[in-house]
Each structure stands twice: as C-alpha cells, then as structure tokens.
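Novice: Okay, here's what each chain looks like letter by letter:
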Amino acid sequence: MYNVAEPCSDSGAYVAEPDDKTKVAMDKVQGWLEERGYTMKFSSEVITVALHPKEEVEIGFYPSGKLLFKTTDKEIVDKLFSELTPMMEEMTVD
Amino acid sequence: MKMVAKVVNLLSAGIDSPVAAHLLADTGAEVTLLFLDIRPFTDDNTVDAAHELGERLKNLYPNITFYRCDFSSVEKAIAEKADRHFQCILCRRMMYKAAERLAEEIGADAISTGESLGQVASQTLSNLASEDTAVDIPVHRPLIGLDKEEVMRIARDIGTYEISTQPAVCCMLTPDGPRVASTVKEVEREEEKIRADALIERLIFEKVGG
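Note that the protein sequences, when read in sequence, are chains A and B.
Read in order, the letters of the first sequence are residues 886 to 979 in the numbering used here.
Read in order, the letters of the second sequence are residues 896 to 1105 in the numbering used here.
Honestly, the hints are just simulated from the structure, not real lab data.
All of these numbers come straight from a predicted model, not from anything done at the bench.
Each residue gets a CB set at the ideal place from its N, CA and C atoms; glycine is no exception.
Wrong hints could be hidden among the right ones.
Said to hold, decoys possible - To give a feel for the contact side, a few chain B residues facing chain A, derived at Cβ under 10 Å:
| no. | residue |
| --- | --- |
| 1 | PRO935 |
| 2 | ASN940 |
| 3 | ASN958 |
| 4 | LYS976 |
| 5 | ARG979 |
| 6 | THR1019 |
| 7 | ALA1024 |
| 8 | THR1028 |
| 9 | PRO1033 |
| 10 | ARG1036 |
| 11 | THR1060 |
| 12 | VAL1064 |
| 13 | MET1067 |
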C-alpha cells in the first residue's frame, strides 16, 4: 500500500512511497509503460523516467517502489497516483 | 604578470553556489559560472533558475562569464553502470572534472563549489577529500565554515535567495542510502566502470550571453 503523494523537499514535484520496504521489477515496469504509450526518457535498474502519454508529465519510477511526479499540479498527481500505484504493487517481487 | 585569480564556479539552482560565486567575485576574482544540465533527472524550472541566477550574478559583477553544459550523458552512465550507493560522490567528482576541463580551456587557476560540511548526507569530510582527488586543479569552497542561516542571509542580501527557492525538482538520481564515507580506490573503481575520462572529454561547453 502507498502513502499519499506529498510535495518533495524542493516543492517542484510530488513523491509517493510504499509503506513497507518493497522491491519492484524494473524491467516489467518498463514493459508496462511502453505498452501504454509512455515515452521513455531513460531506463535503468535504478531509475526509469517516462513521459505520460496524455498529461505531459514526466514520472520517475524507482526499484524501491517510489514514484516521483514532475509537476506541482495536485489534481494531475492524484490522477496519476491512482493509475500507477496499483501497477507498481503488481510489479513487486519477493 | 597575472594578478587576478580566475576561478570556475560550479553553479546549481540552489542557494549555496551563487553565494560562493559572490564571495569569490567580491574578493576581485574573475569568476566563470558553469551550470551542468542534468535533465531528464531534473526539470526545466531548475535550468531556468540557474540561468536567472547567472544573470543576477552578472548584474552584480559584470566581468562574470557563464557557461552551460549538457551533462546528461554523464548522469545516464552513472545511473546505468555505477554502484548506486556511490552515485552522489561519483556525480560530484564528475562535476569537478568537468569544471577542471573548462578551467583548462579558459585558463582558470582553480575551481570552486558551494559545498559546506554536513549540509547534506554526502558532504562529509571523507567524501570531500575523495572529491578533491578527482582533479589536479585547486578546489575552493568559500562556504565551508558557514552555517545555512548565514548562507541564506547572504543570498537574500545579493538577491539570489528568491530565485534559488522557486519550486524545482531536486536531483532524481539521489539514492535512498548514499555513501557517507568512501575511499578513493572505491570511487576510482566506479569511474572505470563508467569510462569517466572519455565522458568528460566529450562534453561541450556553451557560453551563455555576451
């Protein structure tokens, strides 16, 4: 389960993190994003940065399950949070 | 005979590095600002703020020059190949190397940064010492003994505080557990993995404004 998305320390983005220590399969996350039309800005085992196909917002995906939304628009963040956190929970590995 | 010290100051969009540039320029040093653009690991607001800071400092000290450099190739290599616990120290060392390369190109005597002790997890004495060994050129840290309150006061005085505190995305590559102590040998091993010298060699520095 995820906490709500909160503004990051520099207030230019929102961050959502899982309650518990998590490890996410980054290759599966990347595949999921590509299938749904995200533009991949960068992919590696430590971070994936992708542009949402409709909202023009870049999102950072981390192996710890953390999500970083590069926008200050809370309404969009809430929408993306609902869209992405179930996927991240599904991609969790033991 | 050369009388004026020429220094390349690493400029971020944060509070500290513009203050470091100001303190150096105030002594009469000829300061060249270098901003390293790490997008997509930050955002456009950060880049805009750095440019605004450059303009502000140039207004205060007309002999200041400003360069920017696309540093994303270096950050991507770090994210792809390096041990994630060393990312911060490695990133700093690579920034030093970039500043040193620009210093060689423009004939500067030293590089400088806005670092001080203990403000962030990676700014420990051992990490600062590891950073210094990345370059042959002298590294100046005008803020080393100042506390954050003092730095913020100076930033307000010179009109950079408001620019530095605009909303912006912090570095997205910061790992959950950065190394607070590292040996030179460990960090150099990571540099070999990313082929650090070749990356630095390929950087292109663009002069901003007149």
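Novice: Would you pick out the hints that fail for this structure and give their numbers low to high?
Specialist: Structure breaks hints 3, 6, 7, 8, 9, 10.
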